[in-house]
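Student: Each chain, written out:
2 protein chains.
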Amino acid sequence: MKQAFEKKELKKKSEDLSAWYTDVILKATIADYSPVKGCMVIRPYGYALWESIQEALNRMMRSAGIENAYFPLFIPMSLLEKEKQHVEGFSPELAVVTVGGGEKLKDPLVVRPTSETIMYDMYAKWVHSWRDLPVLINQWNNVVRWEKRTYLFLRTTEFLWQEGHTAHETEKEAVEMVMKALDWYRQIYEDYFAVPVVMGRKSETEKFAGAKTTFTVEALMPDGKALQGGTSHNLGQNFSESFGISFQTREGTSSFVWQTSFGFSTRSLGGLFLTHGDDNGLVLPPKIASTQVVVVPILRGDEGREALLDYCGEIRDALVGQGVRTRLDDRDSQSIGRKFNEWEVKGVPVRLEVGKKEMDDRTVTMARRDTGEKVVVDRREMIPKIEKLLEDIQKSLYATALNFLESNTRDVDTFSDFEEVMKTTRGFIRAFWCEEASCEAAIKEKTKAATRCLPLSAKEEEGTCVHCGKPAIHRWLFGQSY
Amino acid sequence: MKQAFEKKELKKKSEDLSAWYTDVILKATIADYSPVKGCMVIRPYGYALWESIQEALNRMMRSAGIENAYFPLFIPMSLLEKEKQHVEGFSPELAVVTVGGGEKLKDPLVVRPTSETIMYDMYAKWVHSWRDLPVLINQWNNVVRWEKRTYLFLRTTEFLWQEGHTAHETEKEAVEMVMKALDWYRQIYEDYFAVPVVMGRKSETEKFAGAKTTFTVEALMPDGKALQGGTSHNLGQNFSESFGISFQTREGTSSFVWQTSFGFSTRSLGGLFLTHGDDNGLVLPPKIASTQVVVVPILRGDEGREALLDYCGEIRDALVGQGVRTRLDDRDSQSIGRKFNEWEVKGVPVRLEVGKKEMDDRTVTMARRDTGEKVVVDRREMIPKIEKLLEDIQKSLYATALNFLESNTRDVDTFSDFEEVMKTTRGFIRAFWCEEASCEAAIKEKTKAATRCLPLSAKEEEGTCVHCGKPAIHRWLFGQSY
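From first to last, the protein sequence lines stand for chains A and D. For the first sequence, the numbering used here begins at 651 and goes up steadily by one. For the second sequence, the numbering used here begins at 651 and goes up steadily by one.
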């Protein structure tokens, strides 16, 4: 579409991250604003990324025996109220259907903000014996959490996600599931998005409404703000007690099931776009890019047109045959310059330029999106060279992001240093905290930085709270939230 | 889950189709009632069928250049009202969000009953020139159409579907798209579901609200009622005029785009379940079954247990290696009898029984779900024999259903015969109709039978309307609706 090609008008990432972010998402035709406040349209080029994530996560979940299912969009208000903390956490964000089929509803229906309550009402019906366990169910769906100020992908009223909900005989099994799901999320970020994350446990204040413990993967954005990347919850027996999901154990006694839930949403894509990319547009890591290589024929007039397109087609077919996601841009309606701009803005990892010279020499010119580097390679060596190049780009993007994360994670021991960091560079702070909610709130109020998590790697140490000076045993990770 | 195995309690298809239908869906763990009136839960065993359909339709759509995207769940009431006939058609079925984030909304939001209006508002923004055409977008999502009396799959307030929405430079292209989508739907029914359909055009009364022409695939259920299987609409320029989707043509003039939309929903699965199956449960056609072959070890006590399970595992792996969707049921918690019952109720096409005798002889016993026939085959001949068997079952189910359709499609020339058929056997009637809406309404009132479609195969003939006696040129297909 037209707006994609106007690179010259693209806002600069180096000057204004936030303006660039919105601009590049619109111009790369990833998404668009919709006529519904707070809801966006995910366009095909953006949705393909979500489909890649679905494929990867489905593979991981299947390996653990998790199956997909579908539960209703609507939740009766009375059902949502069954777990007290849960409804308190979600009630300010609800969208409520009060009219259906022309009539006012007696029990209003909430558009699901998450599906614990509707799913667990069914689990209570399905589970009777240890033979019925574990229950391993996931759904891919849309959820609605009302937002006043919205931001493409990162904060939208409706978003897409997967929500896994499992029920087990023992807490041990449930905890294993929680950690397995968390590691899947780490893999999506690190291996697919080339975005390093910190894995850890949320504080009591920041945990999921109704959970016993919440685990998270946290990423650091280029402006030093933190992004919660995906969460995995140990629900303990909180919901199974409220919903009556009990079972006969192997020993013949009765017990409530141990539950988990975990979710990964389209919000994650915001983190992907923010992390990579430059003043020329997006930079998509090869493992997640729906088009990894674009072949652009360099046609000057009509002479030799057919032979050149044949050569380009042969190159495309050879790459596709090797599983490289390749697209031949043989559109007549766009100039070469516009095509280059478009694929740059869209962040396609590798561009192959193929003109008369390349055809005559049986070569291709490879241009690398992240560095801009161009190399001419022999047609016979093209496939291994491109495969190697895609790997190199993936690694290089990750290394750059990891370097950024590490050099922007600081051990801070005084509150004035804490304030100073949050006023200037931001980034992650590792600081001792007494684990009192009031202290956490005061830090947030003064610095806008919240606890992100207690990293899994954190060791027990002797220290004093960075804010109140009381004894503390762990350095927690702090950061300003997106 | 427990209830799946109680075959002895299963209602009989031969005695009460409707009671059997509900019962078998619940007992086969395909779906379940939810605490939300009119909405059901699609359980993993049922959802896997939907995933098979998604895979098949995605492949077909991709071959035509159609890409997936996602548009908002909510539609502002004011937007829905832009196409007059469209809003009139849908307004009695709407679910309306009037409260969001704790506040009363000024412009209430409709939960999408279909997405024409929200999508075309965006198309108007994206399309400027013939270079932007065709627009070929599909979405997989959930829609809500309020229902008073609901029926698992066949009539639920929320259902899942795909909705394709394309925009073209010429009407010719749009018409080609409409017919291509219709043929995809025919393929899903006939090639995957083994359910024959009649393709045809809907009458003016029965067409989609806002369409120029609607095409449909119609199936016939065992009780002689007709099921609308999927529809594909030529929208002409109705919506592009209302939404201002205009473009500069190749000649430099301005024109409105020519549009299509087409949808295939989870309702279709109801037709699949009704058509096949018997007093022992579902019968799933191999091409759509998520488990095509189940291997049941016939263990008597613990002796030789390990060797037998090894042999069963080898069989499973060999089949999976050939792309046969195979499951080894090595659960200790269920008896052999219960396992047989469970897989019968669930309609798995082929059961392999493997006991000590089979292991010693290097054979397997193949039991065919549709006929109950059992054959012992040599292990070395197993794979081709099973592949052949799966093909045979698929063909045989289709042949039986086709025979039923043909023997229950009747040419009727007098209205008393028409009434008699609809009072007794029902089925499809081919009858001349004058094409007046009033006559169509009178026939429906008197016989409950509506026009299903004008079959694509219908020839122009000379006749008189079966109801009013006025001249008529086509035999339309009539049937009672589900």
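Simulated from the structure, these hints should not be mistaken for laboratory data. Be careful, since some hints might not be right.
Since the list gives no way to pick one copy over another, a pair counts as held whenever it fits inside one copy or between any two copies.
Here are the computed lysine-lysine pairs in the PhoX-like style, where the Cα-Cα straight-line distance is at most 25 Å [said to hold, decoys possible]:
#1 K1109 <-> K830
#2 K756 <-> K798
#3 K775 <-> K661
#4 K1094 <-> K875
#5 K1007 <-> K1035
#6 K862 <-> K734
#7 K732 <-> K687
#8 K989 <-> K1006
#9 K1024 <-> K989
#10 K1120 <-> K1098
#11 K875 <-> K798
Student: Hint by hint, note whether the structure agrees.
Tutor: Cross-check of the supplied hints:
Taking the closest pair of Cα atoms, K1109 and K830 come within 25 Å of each other only inside a single copy of the chain (21 Å); across copies the shortest separation is 62 Å, beyond that limit. In this assembly of identical chains, the alpha carbons of K756 and K798 lie at most 25 Å apart only when taken from different copies (15 Å versus 28 Å within one copy). Only between protomers do K775 and K661 lie at most 25 Å apart by alpha-carbon distance; the minimum there is 21 Å, versus 55 Å within a single protomer. For a Cα distance limit of 25 Å, the shortest separation of K1094 from K875 inside one copy, 14 Å, qualifies, whereas the shortest one across copies, 65 Å, does not.
Proximity of K1007 and K1035 under a CA criterion of 25 Å is satisfied intra-copy only: 20 Å inside one chain copy versus 56 Å between copies. Taking the shortest Cα distances, K862 and K734 sit within 25 Å of each other inside one copy (13 Å), while across copies they are farther apart (52 Å). When the C-alpha separation of K732 and K687 is checked against a cutoff of 25 Å, the pair qualifies only between copies, where the shortest distance is 18 Å, while the shortest distance within a copy is 30 Å. In the homo-oligomer, the alpha carbons of K989 and K1006 lie at most 25 Å apart inside one protomer (18 Å), although the nearest pairing across protomers, at 67 Å, exceeds that limit.
For the homomeric pair K1024 and K989, the shortest alpha-carbon distance inside one copy (17 Å) is at most 25 Å, but the shortest distance between copies (62 Å) is not. Within a single copy, K1120 and K1098 get their C-alpha atoms as close as 21 Å, which meets the 25 Å cut-off; across copies the closest is 80 Å, which misses it. Taking the shortest alpha-carbon separations for K875 and K798, only the intra-copy value of 20 Å comes in at or below 25 Å, while the best inter-copy value is 49 Å.
Checked against the numbered hints above, the structure violates none of them.
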